Amino acid sequence: MSNIPDDRKYADSHEWALLEADGIVRVGITDHAQELLGDLVFVELPEVGQQVAKGDECSVVESVKAASDIYSPVTGEIIAVNTDLEDGPEAINDSAYEDGWIFTIRPSDVTELDDMLDADGYQNLTEDE
Amino acid sequence: MVFACRPFFENIKMTKKTILNSAHRELGARMVDFGGWDMPVNYGSQIDEHHTVRQSVGMFDVSHMTVVDINGLQAKAYLQHVLANDVAKLTRQGKALYSCMLNEAAGIIDDLIVYFLDEKNYRLVVNASTRDKDIAWLERQAKGFDVKINEKPTLAMIAVQGPKARQKVCPLLPERLGLAAAEIKPFSACWHGEWFVGRTGYTGEDGFEIILPEDKAEGFWRQLIEVGVNPCGLGARDTLRLEAGMNLYGQDMDESKHPLESGLNWTVAWEPEARNFVGKQALLAIKEQANSDKFVGLILEDKGVLRGHQTVVLEDGAQGEITSGGYSPTMERSIAFARVPANIGKTCKIDIRGKLKDARVVKPCFVRQGEVQI
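Protein chains in written order, with the numbering used here: chain V, 435 to 563; chain G, 35 to 408.
Please note that the accuracy of each hint is not assured.
Simulated restraints on C-beta separations [unchecked claim]:
1. V:Gly483 with G:Lys389: 14 to 24 Å
2. G:Ser90 with V:Gly522: 17 to 27 Å
3. G:His226 with V:Asp518: 54 to 64 Å
4. G:Pro220 with V:Asp440: 54 to 64 Å
5. V:Gly522 with G:Leu390: 23 to 33 Å
6. V:Asp533 with G:Gln89: 40 to 50 Å
7. V:Pro439 with G:Glu217: 40 to 50 Å
Only some residues are given here: those of chain V computed to face chain G with a beta carbon under 8 Å [as the list claims (entries may be wrong)]:
8. Asp456
9. Gly472
10. Glu496
11. Val498
12. Lys499
Don't read these hints as lab results, they were simulated from the structure. Computed from a predicted model, the values in this text were never measured in an experiment. C-beta atoms are modelled at their ideal positions from N, C-alpha and C, and glycine is treated no differently.
Generate the whole structure from the sequences, applying the supplied hints.
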């Protein structure tokens, strides 16, 4: 099983959310998710400035096998998107937790993160699958 | 995200296993349910597996496919009745032919390869997912013919594909067969005992499909690994066949579709006129009407990925549908097959999640022998 960083929270739909020092939340998909998807070939990024609610489909990752929706883990405004993924979606395969981040969001209610799984909880989830 | 978009992520139910199942698991393959069989979709990177076949050599376990021998005095007459292509074209021992098997309405029951062993003996290789209905149909059509339908469930099948396939395989074959296999021409086969080697495949590259006794399969698989042949999964097999312009049964055609709207006109033998194969009358009527949809290739000009069931929008607003689509590792862009109205121009739009993207219309054959054809 891959190493799951304990500095962030996880959704049971396989996104991670990292609360950074400036109050911004960085979002990506887990290493487990990229492994299931296989080689990534396209990422449809959200728009900067877009308002999203927790649970909204706001991005799509496509691998050689399938297209999968990314759900926003929190409510807020999209602040930045990882444009490096436009020409290098494989960054998600190589570095799901760092270089492969997808977007950042300014949360309107940071306590929404409290409902998410911690690293141990996510580990249990993937083991049950 | 949700992993339910394609059957790749279905939970493994009570599935059938090939004799190489534990060998795949040992190699760390990601296994999926493929038409009721527990099969490897990839071992590592699917894109690397794709490139290894185009540039060097890779191998696939295709033991789930069904081998059926047709034996008897009237084997030839029977196959001339049951197949849309004409086995009379096969005059050299070992020669192979690709054909559709149609129902009375000209719907495609399956596509298959038939090998000519001699006038009284032919071998068919049919799809795994259609096994039961194929056997039932073959049996039903056999009434009145002096033939026996003999399924061979205890044979394994390994496809070794790529420009280096033949040089890797021949030295590993039982002695005399290796010498024979080195000599056979494309789309021909040779055999010795239960070992059967066809210079055929589903990738657009040179190579062999080797049918062999189940108890020899794992040893042969391991020998191939030792000489540097990389195992590849069904994922790479799908992108390779898509690039090569080869149809996949169940996606690009099924019983509700006929060969003329599936890009398979070339597989229908209209001559000699006297030969009356199953589905011929219906197909002739369809041909007369001349309003069949057309089967084309598409290249996505924008970013994104073409997938089966996306809508194709023509300039006049008429619509068609993508049957198979995906990412082409060789061309580094998305390609597809589509069934569209015959008046389609050189470009069209594809509806991807509500956005219309530009695509170019081409012949459905993108890559052969390592070379881009477009």
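Evaluated hints:
no., hint, result
1, V:Gly483 with G:Lys389: 14 to 24 Å, "holds, 19 Å"
2, G:Ser90 with V:Gly522: 17 to 27 Å, "holds, 25 Å"
3, G:His226 with V:Asp518: 54 to 64 Å, "holds, 55 Å"
4, G:Pro220 with V:Asp440: 54 to 64 Å, "holds, 57 Å"
5, V:Gly522 with G:Leu390: 23 to 33 Å, "holds, 26 Å"
6, V:Asp533 with G:Gln89: 40 to 50 Å, "violated, 28 Å"
7, V:Pro439 with G:Glu217: 40 to 50 Å, "violated, 58 Å"
8, Asp456, "violated, 26 Å"
9, Gly472, "holds, 5 Å"
10, Glu496, "holds, 4 Å"
11, Val498, "holds, 5 Å"
12, Lys499, "holds, 5 Å"
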